[in-house]
Amino acid sequence: MDDEAFADISGKAISLDCQSHSSFCREFTVSSPKVSISKVLGYTCVVWLLAYTVFFFTENTAVLSSAIFITLVGMVLHIHFVKVDHESLLVIGSLGIQVSSSYASGRETTTFIEMSKIKDIVINEAIYMHQIIYYLCVLLKDPSEPNAVSSVVPLFQSSKPRLNCLVKVYKSCQEILSKC
Amino acid sequence: MVLKIFFPQCCNRADSGLLVGRWITGHDSAVVLAVIHYPFIPGQVKQYLQQVQAQSGVELSVLGSWSLPTESQEGMESFLRDLSTIFPQERWLQVSRQIGKTGFNCDVLNPAQNGRAAQREAKKKKGEEDEKSDGYAGHKGNNNEEEEKVIFIHYEQRNVMLSQLHPIENGVSDPKTDAPSELRQMFQTVASSQPLFFLDKYDDGPLKLTHWQSEGREASIIAELFKQASVPLCRLISWLLSIWVWVCNIWVFSLYPLRFLASKLSTCVQLSYRTEHMKTLSSPKPATDHTDFMRKATIMVSFLVDVALGVLLILWLYRDNHIPMLANALVPAADHVAKELEELLQWLMGAPAGLKMNRALDQVLGRFFLYHIHLWISYIRLMSPFIEGILWYGGLSACFGLTFALSLFSDMVALLTFHIYCFYVYGARLYCLKIYGLSSLWRLFRGKKWNVLRQRVDSCSYDLDQLFIGTLLFTILLFLLPTTALYYLVFTLLRLVVVLFQGVLHLSVDFINSFPLFALGLRVCRPYRLAEGVKFRVLCDEPGTALHLQMEMNPLKFNTVVQTYRTPTYSCYPKDSWATLVKKLFVGELIYPWKHKSTKTD
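Chains P and R supply the protein sequences, listed in that same order.
Residues 1 to 180 in my numbering are what the first sequence lists, from first letter to last.
Residues 1 to 602 in my numbering are what the second sequence lists, from first letter to last.
Derived from the structure by calculation, the hints contain no laboratory data.
Worth double-checking, as some hints may not be accurate.
Straight-line distance between alpha carbons at most 27 Å, and here's what the computed BS3-like set of lysine-lysine pairs gives [said to hold, decoys possible]:
no.: 1; chain 1: P; residue 1: K117; chain 2: P; residue 2: K141
no.: 2; chain 1: P; residue 1: K83; chain 2: R; residue 2: K557
no.: 3; chain 1: P; residue 1: K83; chain 2: P; residue 2: K39
no.: 4; chain 1: P; residue 1: K119; chain 2: P; residue 2: K171
no.: 5; chain 1: R; residue 1: K279; chain 2: R; residue 2: K296
no.: 6; chain 1: P; residue 1: K12; chain 2: P; residue 2: K168
no.: 7; chain 1: R; residue 1: K557; chain 2: P; residue 2: K141
no.: 8; chain 1: R; residue 1: K557; chain 2: P; residue 2: K117
no.: 9; chain 1: P; residue 1: K83; chain 2: P; residue 2: K12
A few chain R residues that face chain P, going by a derived Cβ cut-off under 10 Å, partial list only [stated by the list, open to error]:
no.: 10; residue: H27
no.: 11; residue: D28
no.: 12; residue: S29
no.: 13; residue: I151
no.: 14; residue: S181
no.: 15; residue: A546
no.: 16; residue: K557
For clarity, every value in this text was computed on a predicted model and none was experimentally measured.
Quick reminder that beta carbons are idealized off the backbone N, C-alpha and C, glycines included.
Just chain P, with the same shape it has in the complex:
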């Protein structure tokens, strides 16, 4: 849809896909890069070499089989719980905002925030390790006080796009929010 190249905060290329289902319903999908095969090979080699050195001294074959087991289980856990393939944000005017992230194994976690609870969507700054990053977040209303913000829901948490991508999403979100 758009040819602009985006990157996340560590400089890796990510892609943003904007789908406009209707004038008040848009979907933004940020896809992170896939798992690199060299990384997988590297980690596997490290674990197996370690196991082999232990085996060299102890001469116990259980060490080797446990190393295979550990790498397999680690890989499964990684793609099921850690590696996020793409995150999407569905903004439906006057109904709410749906945030979902789907993992590399296909698992999806979704949360839907009703419009009556949303105060605004803003771009915020945060200190992350040794750098300052921008992130997009949804401000939630405090039910007792109409003007106060009760909590903040950060968006695109795992892909962490840079500011130019965030501004684009922010502008089209505000367009919808201001209409309804």
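Guided by the hints, dock chain R onto chain P, whose structure is given.
Chain R alone, transformed into the frame defined by chain P:
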């Protein structure tokens, strides 16, 4: 403004008719509940709706009309417009489907702007003519999109009706917080309009409806039979329980020592806990709200699982003569423990780990404990012929459930290690005395004293004699401290091992008692029953039609299920934090595996 129409999936292919549902006030959304099919008498429809409304308490109304594509379009338009005058509403929806399109079309008519609506109808006719001429459908929705946008949200009526939105809010809502959110209102509407779904297509009524049960009502014969059987069963159980409670309340049992003992024996605690549960289960009134129902079901399932595990244990115990084997192993084990203890004491009475102790005190303490062990061994010898019988009858208690067997086991461990407990108490008391004596004499040494009335340390002038005696005692206590501290340390470690073992037993009993197996099973087999929220999927976005969304249930996370539906239990393990536990151990206060009553409230 955007108008939201919640549309049940089962009505997608229903014949043309009237849409029945409810407007959610303040949110600009409508919930469609059913479709009433065409040959009807308006008076009867109104009467039926009033009847259902009285039963369910939902403000039902006729929302609009629903039409499938038909051949004779000409008469239809005016007929539909006339319908809106028969059922006067603020807004009138005209939902229709067209051949070759998956999306619906929706026109919203306001009676106030009837004139304009009529104009638009005229326009639309033109549009249709265009459509006929070049076969392109697409203008139709555009005409009224400028002023009123519509979202169709398709929902599975069955799932929405049966599901429970979390966090649970019971009927009473605080006046402080504002009205429940839109989705919650929608869920409530569907759940409480159950009387509307009783009419199916086999009924010979004047009205024909389409809703999720219109193909025939969903029910299970087994469930109905269980319901019928549960009434006399509950009566029987509550009668038995009343007898049991009466026996428990006999005055002999409320005497001081028995009562104290009962509160310390984990079997008795488990018994009272189970009685409480059975009382909740066998109460004659049915569960009214969701929490009540889930609580009862969780108790029921954990009780059944408990009994099943207990029966398995019994099968194992009584099959291959395991009981005599256990009994034969138990007595030598107790003997062995006593012998080991004796050796330990002998070691302590010499020069343990190369430490030089106070020889006289060491000998006194060692002989005292040795005598105790001697007593203990003779007690075990006396008991040994009966142990098999005790185990045999005790094993039968497992038919009440595994938890009973476990608590009985824990009690037996407590009784069999009573000597270790005694040693610990003596050691702790001696050590405690020494520590307190030393601390007060240390204050005396510095010319201070503890003021009880003001709860603080005051300075005080002592006589020379007092100071002399005090300092002398301080030195003696200080030099004797390592010997007592060593005994205390060894016996505390032994005691801690026993406490740890009992703690593991109690934790497993607690786990079986409180784990919400039913809720977890429900979460696995019927994920829609426990909903954390909803999620939406965009169904189709053909140009020209309204936006169609599919609403699905977002099931609750497993850890939330466990947290929400855990049965509250008594906590048998100490509530102390680790720091207070270590402090208590250091000062020499007694620690218990059970909950210690704190009477000090200052």
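Okay, the hints, checked on the actual structure:
| no. | hint | verdict |
| --- | --- | --- |
| 1 | P:K117 <-> P:K141 | holds (5 Å) |
| 2 | P:K83 <-> R:K557 | holds (19 Å) |
| 3 | P:K83 <-> P:K39 | holds (13 Å) |
| 4 | P:K119 <-> P:K171 | holds (16 Å) |
| 5 | R:K279 <-> R:K296 | holds (10 Å) |
| 6 | P:K12 <-> P:K168 | holds (18 Å) |
| 7 | R:K557 <-> P:K141 | holds (24 Å) |
| 8 | R:K557 <-> P:K117 | holds (22 Å) |
| 9 | P:K83 <-> P:K12 | holds (15 Å) |
| 10 | H27 | holds (8 Å) |
| 11 | D28 | holds (7 Å) |
| 12 | S29 | holds (9 Å) |
| 13 | I151 | holds (7 Å) |
| 14 | S181 | holds (5 Å) |
| 15 | A546 | holds (8 Å) |
| 16 | K557 | holds (9 Å) |
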